[in-house]
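Visitor: Take a look at the letters that make up each chain.
There are 2 protein chains.
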Amino acid sequence: MTVRPVPVTSVPRWDDEADVVIAGYGIAGAAAAVEAAHCGAEVLVLERTGSWGGAAAMAGGFIYLGGGTALQKACGFEDSVDNMAAFLNVAMGPGADADRIADYCAGSVAHFDWLVQCGVPFKAEFFSEPGWEPMGDHGLMYSGGENSFPFNTIASPAPRGHVPQMSNKKQGEASAGYMLMKPLVETAQAASARALYDVRVQALVVDADRRAVGIRARRYGAELFIRARHGIVLATGSFAYNDAMVAQYAPRIAGRPAASVEQHDGQAIRMAQALGADLAHMDATEVAIFIDPQQLVRGILVNGRGQRYVAEDTYPGRVGQLTLYHQDNTAYLIIDSDAQDEAMASWSPRLMMRPASWVCETVAELEAEIGLAPGSLQATIAAYNDGAARGEDPLLHKKREWLRPIGSPVGAIDLRESTGGFTLGGLRTSLDAEVLDVDGSPIHGLFAAGRSAAGLAAWGYASGISLGDGSFYGRRAGRSAAR
Amino acid sequence: MTVRPVPVTSVPRWDDEADVVIAGYGIAGAAAAVEAAHCGAEVLVLERTGSWGGAAAMAGGFIYLGGGTALQKACGFEDSVDNMAAFLNVAMGPGADADRIADYCAGSVAHFDWLVQCGVPFKAEFFSEPGWEPMGDHGLMYSGGENSFPFNTIASPAPRGHVPQMSNKKQGEASAGYMLMKPLVETAQAASARALYDVRVQALVVDADRRAVGIRARRYGAELFIRARHGIVLATGSFAYNDAMVAQYAPRIAGRPAASVEQHDGQAIRMAQALGADLAHMDATEVAIFIDPQQLVRGILVNGRGQRYVAEDTYPGRVGQLTLYHQDNTAYLIIDSDAQDEAMASWSPRLMMRPASWVCETVAELEAEIGLAPGSLQATIAAYNDGAARGEDPLLHKKREWLRPIGSPVGAIDLRESTGGFTLGGLRTSLDAEVLDVDGSPIHGLFAAGRSAAGLAAWGYASGISLGDGSFYGRRAGRSAAR
Numbered sequence: 001m002t003v004r005p006v007p008v009t010s011v012p013r014w015d016d017e018a019d020v021v022i023a024g025y026g027i028a029g030a031a032a033a034v035e036a037a038h039c040g041a042e043v044l045v046l047e048r049t050g051s052w053g054g055a056a057a058m059a060g061g062f063i064y065l066g067g068g069t070a071l072q073k074a075c076g077f078e079d080s081v082d083n084m085a086a087f088l089n090v091a092m093g094p095g096a097d098a099d100r101i102a103d104y105c106a107g108s109v110a111h112f113d114w115l116v117q118c119g120v121p122f123k124a125e126f127f128s129e130p131g132w133e134p135m136g137d138h139g140l141m142y143s144g145g146e147n148s149f150p151f152n153t154i155a156s157p158a159p160r161g162h163v164p165q166m167s168n169k170k171q172g173e174a175s176a177g178y179m180l181m182k183p184l185v186e187t188a189q190a191a192s193a194r195a196l197y198d199v200r201v202q203a204l205v206v207d208a209d210r211r212a213v214g215i216r217a218r219r220y221g222a223e224l225f226i227r228a229r230h231g232i233v234l235a236t237g238s239f240a241y242n243d244a245m246v247a248q249y250a251p252r253i254a255g256r257p258a259a260s261v262e263q264h265d266g267q268a269i270r271m272a273q274a275l276g277a278d279l280a281h282m283d284a285t286e287v288a289i290f291i292d293p294q295q296l297v298r299g300i301l302v303n304g305r306g307q308r309y310v311a312e313d314t315y316p317g318r319v320g321q322l323t324l325y326h327q328d329n330t331a332y333l334i335i336d337s338d339a340q341d342e343a344m345a346s347w348s349p350r351l352m353m354r355p356a357s358w359v360c361e362t363v364a365e366l367e368a369e370i371g372l373a374p375g376s377l378q379a380t381i382a383a384y385n386d387g388a389a390r391g392e393d394p395l396l397h398k399k400r401e402w403l404r405p406i407g408s409p410v411g412a413i414d415l416r417e418s419t420g421g422f423t424l425g426g427l428r429t430s431l432d433a434e435v436l437d438v439d440g441s442p443i444h445g446l447f448a449a450g451r452s453a454a455g456l457a458a459w460g461y462a463s464g465i466s467l468g469d470g471s472f473y474g475r476r477a478g479r480s481a482a483r
Numbered sequence: 001m002t003v004r005p006v007p008v009t010s011v012p013r014w015d016d017e018a019d020v021v022i023a024g025y026g027i028a029g030a031a032a033a034v035e036a037a038h039c040g041a042e043v044l045v046l047e048r049t050g051s052w053g054g055a056a057a058m059a060g061g062f063i064y065l066g067g068g069t070a071l072q073k074a075c076g077f078e079d080s081v082d083n084m085a086a087f088l089n090v091a092m093g094p095g096a097d098a099d100r101i102a103d104y105c106a107g108s109v110a111h112f113d114w115l116v117q118c119g120v121p122f123k124a125e126f127f128s129e130p131g132w133e134p135m136g137d138h139g140l141m142y143s144g145g146e147n148s149f150p151f152n153t154i155a156s157p158a159p160r161g162h163v164p165q166m167s168n169k170k171q172g173e174a175s176a177g178y179m180l181m182k183p184l185v186e187t188a189q190a191a192s193a194r195a196l197y198d199v200r201v202q203a204l205v206v207d208a209d210r211r212a213v214g215i216r217a218r219r220y221g222a223e224l225f226i227r228a229r230h231g232i233v234l235a236t237g238s239f240a241y242n243d244a245m246v247a248q249y250a251p252r253i254a255g256r257p258a259a260s261v262e263q264h265d266g267q268a269i270r271m272a273q274a275l276g277a278d279l280a281h282m283d284a285t286e287v288a289i290f291i292d293p294q295q296l297v298r299g300i301l302v303n304g305r306g307q308r309y310v311a312e313d314t315y316p317g318r319v320g321q322l323t324l325y326h327q328d329n330t331a332y333l334i335i336d337s338d339a340q341d342e343a344m345a346s347w348s349p350r351l352m353m354r355p356a357s358w359v360c361e362t363v364a365e366l367e368a369e370i371g372l373a374p375g376s377l378q379a380t381i382a383a384y385n386d387g388a389a390r391g392e393d394p395l396l397h398k399k400r401e402w403l404r405p406i407g408s409p410v411g412a413i414d415l416r417e418s419t420g421g422f423t424l425g426g427l428r429t430s431l432d433a434e435v436l437d438v439d440g441s442p443i444h445g446l447f448a449a450g451r452s453a454a455g456l457a458a459w460g461y462a463s464g465i466s467l468g469d470g471s472f473y474g475r476r477a478g479r480s481a482a483r
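Heads up: the protein sequence lines correspond to chains A and B, in order.
First residue of the first sequence: 1, per UniProt numbering; consecutive thereafter.
First residue of the second sequence: 1, per UniProt numbering; consecutive thereafter.
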């Protein structure tokens, strides 16, 4: 089915219409719906699946916010707009868009307040343990390595992972992302935003001036034409599950989709590209490494040459990126039996504990078992233990609290090919969420947000960036489209 | 000036026309001109500068060919199509396009013969020294690390860097790339291909069926409309000098253009994108490291953690890529005074010899001078020297001939921020050089080759790949457009 633009002159009829038509009812679509409806626009959301939610509803629910939000203050943390921007400019790069980061940081406190106004619950409690997400219903956590090297030398550490509260959180129950989505969708519905489900958007309808005026879609095998009187918001998510696009634009994440949804087929990106829209940061990805941070911090991570390469107590997504991209997706966590026992004692069903792949009495034996170059791991551990005994890590600056010489028996967890992730690139947009063409001009009537659009991340990542910029620029898109 | 497609109905007049109109008179444009003219088409080449040549005429002139070319045989090397493909599938990846590589390798021997028929001279002499290019007028050289680890374990080493011969090669004289371009352009001219210089292509002219039928251009401030009766070939080079495109698509090479020409502004990519053309491998780059390989092989290269990360005797472009992308553009070459003297003795004006930034009596002093973590460099050199004394490099498998324990005095060459390169991504094309839209369908009448198009490289590189696939698919484009 072609994504080529449909001339409005060839549209046989309009099956439905609204002031603002939104493709996709995930985080960006929901935020756009709320804001457009609050601007007085009649809103119609087209969703591919049978319900609202998108990737957001299945996610950990982190929203990356700071600069001194009410939640940060309630948990006793200081932060500022400049401090947040200083961190993001480094952590989202190389190649991060400083203007977008400045814009996002400046609006971050107000965006948190808006989420609260929409009914998103946050509990003023800080979670201080290493982990991908809080073990309980805590509302705030470090989610980007802000308090670890090298970021703790670049900006004052402040936690910015804001997590919606789940009541009676239990294994298998709703994710925190659901608790973000539900109030937003209810707010949109209360403002009379309509939704049509099981609708697959196919192509944009354009007038003679190349203005986007509608969408061609399919529903239960039938063709639908939906008219947008004021504007269209594209918010169908990433291209992580479009194998052809991944091969062309982000081949190094090929075959490793994770933490995303199969609906992320890049459709909105394709529809706008067909109209001459420009792209940005298509090679950017989030990368997870499949091991629990409770283990990571208690061991040392070495590459295929037996060398350390990252402070083990930083954001595990950063560990994943550096492992996949810089170390040929090859890593081993060296951890002694005491440390492994200690990590296991923190066990909960939500964690990703991994057993040791090899256990030996000596490092020399372990080195041989893994197949590392003779002496390589022995030198690495000798140097680490020497520093750890003094409470120092001169090579990588892991925090003192996690430094302890590695003893015997010593094990290794095989972390080869243990990463996965999702794509972060997409349509190039203005700060008002206008989709830009290759001339740098807005395509009239067309807006995008969420992972259909390039956001804050150019290379690096922090948990909460996607729901953060998706909701932030989703609102902008809704407001712009309502005009 | 907009790159948006011009409807043919709004073209005021045709200022010139031909069967095949080619934008850009570098390697791809010249190859396309020859082939289209030989197919009987009337050919017109539009070139931005005052003369033919492009980046090719300023380049080292390598053409990456193999599978048993006449030159390989004359120099006593065996190769096969499968062997060449096995190398390229690894060396051009991750993410390399296996179909394109198979196609290129299968046609490689015949392509060499075609170049010879066009009058490109090759001297049947092999250059065996480390270096970016031959010191004399040798015709063949290893140009991708084929005989180094890990590639020498993946395929049988065969040199594939084919270099046109310069008569009386002297410093400052014509480059080998000029000796490639001149015969091709003369062949095109002999076949009646015309050229118009100082013409800047601006946008494509399209008919109601979205077929490309012409080009809007500028010459000396005036607007020109050029009609293409059969087809258009886009061959204006890379986007390495378009800062905005680099920031969006390949930010990690931003600010480091090298070995390219300022005319590489991405214009053809933009013109086709505006019509809905798809892209591929926009993040791929060639990366040079600014030091002579005669020094590289005689030292050991360490990163900011004092660790070795690449066999120093591999393709220096690979060293550049791994340094820029995997080591935060931070490297130091550790080389003792004897080795430095030996490298300097191989001095010629064409080399990029670098003096030592620091020289010390002991490794411990050098480590402190550089500012590396205490003990890190000492452990690295102890391990290297231990192996080198036995003629082994268990960590990185540098060839035995370059292994020698590092002695005293010991120096280091500061290679931080010492890389530069150019972009390799561009329009997505079929193997017939048709420009593909986001549906995967050919855009009728539109073809592309050279660095306007994505070629063999997805991540890795070898010298000669750009002139290789530029000339190979330039010919395909010329043939396809002539139909």
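Hints are supplied without guarantee of correctness; some may be wrong.
When chains are identical, the list treats them as one kind, so a pair holds in a single copy or across two.
Below 20 Å or equal to it, Euclidean Cα-Cα: the simulated SDA-like pairs (lysine to any residue) are [stated by the list, open to error]: (1) Lys73 - Trp14; (2) Lys182 - Gly221; (3) Lys73 - Ala345; (4) Lys123 - Gln202; (5) Lys399 - Ala373; (6) Lys399 - Ala70; (7) Lys182 - Asp113; (8) Lys123 - Glu417; (9) Lys399 - Pro374; (10) Lys399 - Arg305; (11) Lys182 - Ser51; (12) Lys123 - Ala70; (13) Lys399 - Pro442; (14) Lys73 - Leu196; (15) Lys73 - Gln117; (16) Lys73 - Asp19; (17) Lys399 - Asn89; (18) Lys399 - Pro150; (19) Lys182 - Gly50; (20) Lys73 - Lys123; (21) Lys123 - Gly136; (22) Lys73 - Gly255.
Treat the hints as calculated values from the structure; they're not laboratory data.
Visitor: Run every hint past the structure and note whether it holds.
Guide: Evaluation of the provided hints:
1. Within a single copy, Lys73 and Trp14 get their C-alpha atoms no closer than 50 Å, and across copies no closer than 68 Å, so neither meets the 20 Å cut-off.
2. In this assembly of identical chains, Lys182 and Gly221 lie within 20 Å of each other by CA distance neither inside one copy nor across copies; the values are 29 Å within and 58 Å between.
3. When the C-alpha separation of Lys73 and Ala345 is checked against a cutoff of 20 Å, the pair qualifies neither within a copy, at 32 Å, nor between copies, at 66 Å.
4. Taking the shortest Cα distances, Lys123 and Gln202 never come within 20 Å of each other, neither inside one copy (41 Å) nor across copies (57 Å).
5. In this assembly of identical chains, the alpha carbons of Lys399 and Ala373 lie at most 20 Å apart only when taken from different copies (16 Å versus 28 Å within one copy).
6. For the identical chains of this complex, Lys399 and Ala70 are neighbours neither inside a copy (28 Å) nor across copies (61 Å), given an alpha-carbon limit of 20 Å.
7. Taking CA atoms no more than 20 Å apart as the test, Lys182 paired with Asp113 passes inside one copy only; the shortest distance there is 17 Å, against 67 Å between copies.
8. Taking CA atoms no more than 20 Å apart as the test, Lys123 paired with Glu417 passes in neither setting, with 37 Å inside one copy and 46 Å between copies.
9. In this assembly of identical chains, Lys399 and Pro374 lie within 20 Å of each other by CA distance solely across copies; the values are 18 Å between and 29 Å within a copy.
10. In this assembly of identical chains, Lys399 and Arg305 lie within 20 Å of each other by CA distance solely across copies; the values are 17 Å between and 24 Å within a copy.
11. Within a single copy, Lys182 and Ser51 get their C-alpha atoms as close as 11 Å, which meets the 20 Å cut-off; across copies the closest is 64 Å, which misses it.
12. Taking the closest pair of Cα atoms, Lys123 and Ala70 come within 20 Å of each other only inside a single copy of the chain (11 Å); across copies the shortest separation is 74 Å, beyond that limit.
13. Proximity of Lys399 to Pro442 under the C-alpha cut-off of 20 Å is found in neither arrangement, the shortest distances being 47 Å within a copy and 56 Å between copies.
14. Taking the shortest Cα distances, Lys73 and Leu196 never come within 20 Å of each other, neither inside one copy (40 Å) nor across copies (67 Å).
15. In the homo-oligomer, the alpha carbons of Lys73 and Gln117 lie at most 20 Å apart inside one protomer (18 Å), although the nearest pairing across protomers, at 76 Å, exceeds that limit.
16. In the homo-oligomer, the alpha carbons of Lys73 and Asp19 never lie at most 20 Å apart, since the shortest distance is 39 Å inside one protomer and 70 Å across protomers.
17. Taking the shortest alpha-carbon separations for Lys399 and Asn89, neither the intra-copy value of 23 Å nor the inter-copy value of 42 Å comes in at or below 20 Å.
18. In the homo-oligomer, the alpha carbons of Lys399 and Pro150 lie at most 20 Å apart inside one protomer (11 Å), although the nearest pairing across protomers, at 36 Å, exceeds that limit.
19. Taking identical chains as interchangeable, the C-alpha atoms of Lys182 and Gly50 lie at most 20 Å apart only when both belong to the same chain, with a minimum of 15 Å there against 63 Å between chains.
20. For a Cα distance limit of 20 Å, the shortest separation of Lys73 from Lys123 inside one copy, 12 Å, qualifies, whereas the shortest one across copies, 74 Å, does not.
21. Within a single copy, Lys123 and Gly136 get their C-alpha atoms as close as 10 Å, which meets the 20 Å cut-off; across copies the closest is 73 Å, which misses it.
22. For the homomeric pair Lys73 and Gly255, neither the shortest alpha-carbon distance inside one copy (42 Å) nor that between copies (40 Å) is at most 20 Å.
Checked against the numbered hints above, the structure violates hints 1, 2, 3, 4, 6, 8, 13, 14, 16, 17 and 22; every other hint is satisfied.
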